[in-house]
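**Q** These are the residues of each chain, in order.
Protein chains: 2
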Amino acid sequence: MNTSENMKARLVDYIEAFNAADASRVVALFADNASVEDPVGTPLKEGKSEIETFYTYATTVGARLELMAPPRGSHGNSASISFRVHITGQDGRPAHIDVTDVMDFDAAGKILRMRAYWGADDYHVLADAS
Amino acid sequence: MNTSENMKARLVDYIEAFNAADASRVVALFADNASVEDPVGTPLKEGKSEIETFYTYATTVGARLELMAPPRGSHGNSASISFRVHITGQDGRPAHIDVTDVMDFDAAGKILRMRAYWGADDYHVLADAS
Chain A
1 MNTSENMKAR
11 LVDYIEAFNA
21 ADASRVVALF
31 ADNASVEDPV
41 GTPLKEGKSE
51 IETFYTYATT
61 VGARLELMAP
71 PRGSHGNSAS
81 ISFRVHITGQ
91 DGRPAHIDVT
101 DVMDFDAAGK
111 ILRMRAYWGA
121 DDYHVLADAS
Chain B
1 MNTSENMKAR
11 LVDYIEAFNA
21 ADASRVVALF
31 ADNASVEDPV
41 GTPLKEGKSE
51 IETFYTYATT
61 VGARLELMAP
71 PRGSHGNSAS
81 ISFRVHITGQ
91 DGRPAHIDVT
101 DVMDFDAAGK
111 ILRMRAYWGA
121 DDYHVLADAS
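Chains as they are written, first to last, in UniProt numbering: chain A, 1 to 130; chain B, 1 to 130.
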């Protein structure tokens, strides 16, 4: 049953599994025929295999998600979550990306479609603190 | 030109015009053939007339939007914004709704599609402070 509360609980699971670098646990939240558009405007990752490759990479490089606001539900089968992705930039300096994910759920409560809203200007390299 | 920065600037315009209770200025941000789904899962408001009716009501009842995180762009024609809607509840007590809006823009930079993600459990009546 996709109540707003259930969908939001799954989004929190998503954040926790991601931050535990547990790609299998993240991927288990998705339906077999799911798609991931991250960021919105780029080609879809379609199906469990492509989605697993994507999350295995994302969790291996040490990205960490910081929730920035409570998840939002809907009156339908969608919910959204806003967070900051902390990463190490290509030059070794800390960086972050401000992201909002929108997820659509299927009847079984699995994520059917994930769309990550962030643009090039949502990527911020932190100033050197030294 | 729908750069991520331009779309985000329009989202900030949206917030400012809404908080100025200037429904005409809000509606001017939309394309003639725009649709508004607020909240997601309910029937669309379609076209300028329905959209104007919606925003005239929403601004007249004194709702005020508080930005909760920086707007997010995308690598396409979409951007999102997360805010808290401060309202007076039906019993006169202050209340708020936690919302994330996703907006798709047309080639002219007008909002073509607005989807507001919030569920019944994103509506919070504040405890009586007395």
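Keep in mind the hints are simulated off the structure, nothing from the lab.
C-beta atoms are modelled at their ideal positions from N, C-alpha and C, and glycine is treated no differently.
Please note: incorrect hints may appear among the correct ones.
[Stated by the list, open to error] If you only want the chain B side, here are some residues facing chain A, beta carbon under 10 Å, derived:
#1 24
#2 42
#3 65
#4 79
#5 87
#6 88
#7 89
#8 90
#9 94
#10 95
[Said to hold, decoys possible] Listed next, the in silico DSSO-like pairs over lysine-lysine satisfying Cα-Cα at most 30 Å (straight line):
#11 48/B <-> 110/B
#12 8/A <-> 45/B
#13 45/A <-> 48/B
[Stated by the list, open to error] Have a look at the derived ranges for each label pair, beta carbon to beta carbon:
#14 12/B <-> 92/A: 30 to 36 Å
#15 68/B <-> 93/A: 34 to 40 Å
#16 88/A <-> 57/B: 28 to 34 Å
#17 66/A <-> 56/B: 33 to 39 Å
#18 13/B <-> 9/A: 46 to 52 Å
#19 57/A <-> 60/B: 47 to 53 Å
#20 60/B <-> 68/A: 28 to 34 Å
#21 94/B <-> 89/A: 19 to 25 Å
#22 94/B <-> 46/A: 43 to 49 Å
#23 12/A <-> 46/B: 45 to 51 Å
**Q** Against this structure, judge whether each hint is valid.
**A** Here is what the structure says about each hint:
A distance limit of 10 Å between C-beta atoms decides the matter here; for residue 24/B the minimum to chain A is near 28 Å, and the interface restraint is violated. Hint status for residue 42/B relative to chain A: holds, with the closest Cβ pair at about 5 Å, below 10 Å. Against a cut-off of 10 Å between C-beta atoms, the interface hint on residue 65/B is violated, since the closest Cβ of chain A lies about 13 Å away. Checking residue 79/B against chain A: minimum C-beta separation of about 7 Å stays under 10 Å; hint holds.
At its closest, the beta carbon of residue 87/B sits 16 Å from a beta carbon of chain A; the interface hint therefore is violated under the 10 Å criterion. Of the supplied interface hints, the one on residue 88/B is violated, with its beta-carbon coming no nearer than about 21 Å to a beta-carbon of chain A, more than 10 Å. For residue 89/B, the shortest C-beta to C-beta distance to chain A is roughly 18 Å, which exceeds 10 Å, and the interface hint is violated. Interface restraint check: residue 90/B against chain A, minimum CB-CB distance 18 Å, threshold 10 Å, status violated.
Evaluation of the residue 94/B hint against chain A yields a violated restraint, the C-beta minimum of about 17 Å exceeding 10 Å. The interface hint given for residue 95/B is violated, since its Cβ lies 15 Å from the closest Cβ of chain A, which is over the 10 Å cut-off. For a cut-off of 30 Å, the pair hint linking residue 48/B to residue 110/B stands: about 12 Å separates their Cα positions. Between the alpha carbons of residue 8/A and residue 45/B the distance comes to roughly 26 Å, so the proposed pair stays at or under 30 Å and holds.
Distance hint between residue 45/A and residue 48/B is unfulfilled; the C-alpha atoms sit about 36 Å from each other, more than 30 Å. At about 33 Å, the beta-carbon gap between residue 12/B and residue 92/A stays in the expected band of 30 to 36 Å. Checked against the given bound of 34 to 40 Å, the beta carbons of residue 68/B and residue 93/A, roughly 27 Å apart, lie outside it. Restraint check, residue 88/A to residue 57/B: a C-beta distance of roughly 48 Å breaks the suggested window 28 to 34 Å.
The beta-carbon spacing between residue 66/A and residue 56/B, approximately 38 Å, falls within the hinted interval of 33 to 39 Å. Separation of residue 13/B from residue 9/A is about 35 Å and departs from the stated range, judged on CB atoms against 46 to 52 Å. About 49 Å separates the C-beta atoms of residue 57/A and residue 60/B, a value consistent with the hinted range of 47 to 53 Å. Distance hint check for residue 60/B and residue 68/A: the Cβ-Cβ separation is about 31 Å, which falls inside the suggested range of 28 to 34 Å.
One distance hint, 19 to 25 Å for the beta-carbon pair residue 94/B and residue 89/A, is violated here, with the actual separation near 42 Å. For residue 94/B and residue 46/A, the Cβ-Cβ distance of about 45 Å falls inside the hinted range of 43 to 49 Å, so the restraint holds. At roughly 34 Å, the beta-carbon separation of residue 12/A and residue 46/B lies outside the given 45 to 51 Å, and the hint is violated.
Violated hints, in rising order: 1, 3, 5, 6, 7, 8, 9, 10, 13, 15, 16, 18, 21 and 23; the structure is consistent with all others.
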